[in-house]
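Q: Chain by chain, the residues:
Protein chains: 2
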Amino acid sequence: MQEPTFLILTALAEGARHGYGIISDIERISDGRTRMRAGTLYAALDRLQAERLIASDREEVVDGRLRRYYRLTEDGAAALAAEVEALRRRTEVAARRLAARPRLGDAMFAPLPTGRLSGGLR
Amino acid sequence: MQEPTFLILTALAEGARHGYGIISDIERISDGRTRMRAGTLYAALDRLQAERLIASDREEVVDGRLRRYYRLTEDGAAALAAEVEALRRRTEVAARRLAARPRLGDAMFAPLPTGRLSGGLR
DNA sequence: GGTGCATAGTCAAATCATCGGTATATAAAG
DNA sequence: CTTTATATACCGATGATTTGACTATGCACC
Numbered sequence: 003m004q005e006p007t008f009l010i011l012t013a014l015a016e017g018a019r020h021g022y023g024i025i026s027d028i029e030r031i032s033d034g035r036t037r038m039r040a041g042t043l044y045a046a047l048d049r050l051q052a053e054r055l056i057a058s059d060r061e062e063v064v065d066g067r068l069r070r071y072y073r074l075t076e077d078g079a080a081a082l083a084a085e086v087e088a089l090r091r092r093t094e095v096a097a098r099r100l101a102a103r104p105r106l107g108d109a110m111f112a113p114l115p116t117g118r119l120s121g122g123l124r
Numbered sequence: 003m004q005e006p007t008f009l010i011l012t013a014l015a016e017g018a019r020h021g022y023g024i025i026s027d028i029e030r031i032s033d034g035r036t037r038m039r040a041g042t043l044y045a046a047l048d049r050l051q052a053e054r055l056i057a058s059d060r061e062e063v064v065d066g067r068l069r070r071y072y073r074l075t076e077d078g079a080a081a082l083a084a085e086v087e088a089l090r091r092r093t094e095v096a097a098r099r100l101a102a103r104p105r106l107g108d109a110m111f112a113p114l115p116t117g118r119l120s121g122g123l124r
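Protein sequences, first through last, are from chains G and W. In this text, residue positions in the first sequence follow my numbering: the first is 3, and each later residue adds one. In this text, residue positions in the second sequence follow my numbering: the first is 3, and each later residue adds one.
Treat the hints as calculated values from the structure; they're not laboratory data.
With beta-carbon atoms standing in for the labels, derived distance ranges:
{"#": "1", "chain 1": "G", "residue 1": "M3", "chain 2": "W", "residue 2": "A84", "range": "18 to 24 Å"}
{"#": "2", "chain 1": "W", "residue 1": "A101", "chain 2": "G", "residue 2": "A45", "range": "28 to 34 Å"}
{"#": "3", "chain 1": "W", "residue 1": "T36", "chain 2": "G", "residue 2": "Y44", "range": "28 to 34 Å"}
{"#": "4", "chain 1": "G", "residue 1": "E94", "chain 2": "W", "residue 2": "E61", "range": "29 to 35 Å"}
{"#": "5", "chain 1": "W", "residue 1": "V64", "chain 2": "G", "residue 2": "S26", "range": "52 to 58 Å"}
{"#": "6", "chain 1": "W", "residue 1": "Y22", "chain 2": "G", "residue 2": "G23", "range": "45 to 51 Å"}
{"#": "7", "chain 1": "W", "residue 1": "T36", "chain 2": "G", "residue 2": "A80", "range": "16 to 22 Å"}
{"#": "8", "chain 1": "W", "residue 1": "E61", "chain 2": "G", "residue 2": "Y22", "range": "51 to 57 Å"}
{"#": "9", "chain 1": "W", "residue 1": "A18", "chain 2": "G", "residue 2": "A57", "range": "46 to 52 Å"}
{"#": "10", "chain 1": "G", "residue 1": "E62", "chain 2": "W", "residue 2": "Q4", "range": "34 to 40 Å"}
{"#": "11", "chain 1": "W", "residue 1": "R67", "chain 2": "G", "residue 2": "M3", "range": "33 to 39 Å"}
All figures in this text were calculated on a predicted structure; none of them were measured in a lab. C-beta: ideal position from N, C-alpha, C; glycine also.
With the hints as constraints, model all of the structure from the sequences given.
A: Structure (structure tokens):
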């Protein structure tokens, strides 16, 4: 599963959302780092619908503009949960190895990494 | 960063490895779930080298066969560390939302968040 | 009446991974 | 001795997915 796909499913995990709402949510949960493109979104929405990971929820007309809402299906929630588990396993291995890695500038007995790697490196 | 790329960098985070060794390691750290194809690997190796995330370490000839070792550069280690952080943030948001999500078997509550979020937010 | 935001969508190009193949060397199986 | 398996490196074609660059519309603000 690609990153954009994962982010779309995550956006919908909180509840039904329309296209633009998904884009906004992704920008929000990534602290502005990831801006999903419309092309990415709508192609992925079609694909995910075909795969039955999401479904069309309802349509509204607000101020003369259409809003088409999508929601996660149970399959979609399961796929997202499985992906979360897989990502956790992978990041743990990578973090462990990075922590054990000697750096070029370091003396032999360097302590644990300083700086921005917050959160528990195991 | 795509999954295969991440796995290659993770494999090299432990130390220099040759192509086949990377494939074996990835199979090992994924408990046999991911088997990287040779085509994927060597294309990615070329690309990562061009991006200076990895570098050619040394070559050996063992039993008449060439072994070309690759290692992470400092840039590569930094890129992997950044990716680990990004993945952690993403998986946390997704996991939190999935945990808060009402399930099919549950009694129905309103779709918007009600006061029942107090439960086990892991 | 232009600018910008919210909203939906399309399409061509680029990126990257995958599949299936080539090639070589050794060792084991038949 | 020929085939098969394992270890190793690499390539070309194909395909899935993302990206970038658009079109379009209604409303609000200046």
